[in-house]
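Student: The sequence shown runs 1 to 324 under the numbering used here.
The set of hints was computed from the structure by calculation and includes no laboratory data. Please note that a few of the clues may not be correct.
[To be verified] In silico EDC-like links for lysine to aspartate or glutamate, alpha-carbon gap of 20 Å or less: (1) Lys137 - Asp103; (2) Lys74 - Asp13; (3) Lys81 - Glu58.
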Amino acid sequence: MNQGQLLRRKLFDKYSANLHLLHDNGLLPHLDLPHNQTFICPVCLNPFSVDDLDTTKENHLTLEDVPPKSLGGKPTILTCKVCNNTAGQQIDVQLFNRMFDIDKHKFIPGSNFHARFSQNGQTTQGEVTVHDDGTIKVKQSYKHNKKDKLDNFVSAISPSEGNPLMNIEFYPTKFSFKRLEVALLKSAYLQCFEKYGYAFITDPIFDQVRGQIKNPDADIYPTKAWFLGPFKEENEGSHFVSNPALECVMSIFTLKSLSKRTFGVVLPIKDPEAIKVVAAFHASIALDLDQTAEFHRFDHPEGYIANLENIKEVLTFIEKLKAQ
Numbered sequence: 001m002n003q004g005q006l007l008r009r010k011l012f013d014k015y016s017a018n019l020h021l022l023h024d025n026g027l028l029p030h031l032d033l034p035h036n037q038t039f040i041c042p043v044c045l046n047p048f049s050v051d052d053l054d055t056t057k058e059n060h061l062t063l064e065d066v067p068p069k070s071l072g073g074k075p076t077i078l079t080c081k082v083c084n085n086t087a088g089q090q091i092d093v094q095l096f097n098r099m100f101d102i103d104k105h106k107f108i109p110g111s112n113f114h115a116r117f118s119q120n121g122q123t124t125q126g127e128v129t130v131h132d133d134g135t136i137k138v139k140q141s142y143k144h145n146k147k148d149k150l151d152n153f154v155s156a157i158s159p160s161e162g163n164p165l166m167n168i169e170f171y172p173t174k175f176s177f178k179r180l181e182v183a184l185l186k187s188a189y190l191q192c193f194e195k196y197g198y199a200f201i202t203d204p205i206f207d208q209v210r211g212q213i214k215n216p217d218a219d220i221y222p223t224k225a226w227f228l229g230p231f232k233e234e235n236e237g238s239h240f241v242s243n244p245a246l247e248c249v250m251s252i253f254t255l256k257s258l259s260k261r262t263f264g265v266v267l268p269i270k271d272p273e274a275i276k277v278v279a280a281f282h283a284s285i286a287l288d289l290d291q292t293a294e295f296h297r298f299d300h301p302e303g304y305i306a307n308l309e310n311i312k313e314v315l316t317f318i319e320k321l322k323a324q
């Protein structure tokens, strides 16, 4: 087996064992596990067997990067091919495009993009490269400009002419803000699954999250359920917020393009009307979120996948949270 196959088998065994541990101890009585080793895709909740690691199968189990690989994520869980491909093609690319669009507008070192340049009514096209030392270089060619037009433009901005300023016009990057939000929601949800396994993500309260991920253009989960950092480094991960009216799971993660940005995303845990929790967060947004939210972190070194007592500790906390 190659490295990818070995990792897929390792993750299958890890999360399948978690699923059966919960089921055998009466913690997931509503689930039917049709195989000796059952893995349930966290997005569609369809069951799969170890045979579904076979890549010749039409809908086999695939490695899923959390967050997306293009933004610094690593393969830490499995999803079925259908869910993985749909999310990658329809959702994750929107987040990637927007992150790099922000980088170029801020001239982050390493940025490289095409743009339009104008000076005194003359317009040309070219390529902009921002070097590591902050130097910005523009490359223009006759291939993309008429020769006489480019020659006149270069003469107009030469040092002998006083080296006048020229304007840079960025070409717009196409992206869907709606799908960008869904991409953040997906990363938050899968990060939660990565840490806690099946302990509570099969609860019907998460149907709205899965429904939104599977139908990115529908209006299922509330918009603006995310917050841009900075967050304290120790708050990264998937933790519980226990403030009255703010009860939720908040997944906090960093996306890496040419720069870094940290996001926090609200996931439901108590109130099925997630919009109420999101609205409550925005009502207190004038305060520092790190200070506003009372984070309850579960950080036992043995984790919450194979240790039954640790899993029960989380579930007991959730029940108390729902009862308050």
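Student: Take the hints in turn and mark each one as holding or not.
Tutor: Against the structure, the hints come out as follows:
no. : hint            : verdict
1   : Lys137 - Asp103 : holds (16 Å)
2   : Lys74 - Asp13   : holds (18 Å)
3   : Lys81 - Glu58   : holds (8 Å)
In this structure, every one of the numbered hints holds.
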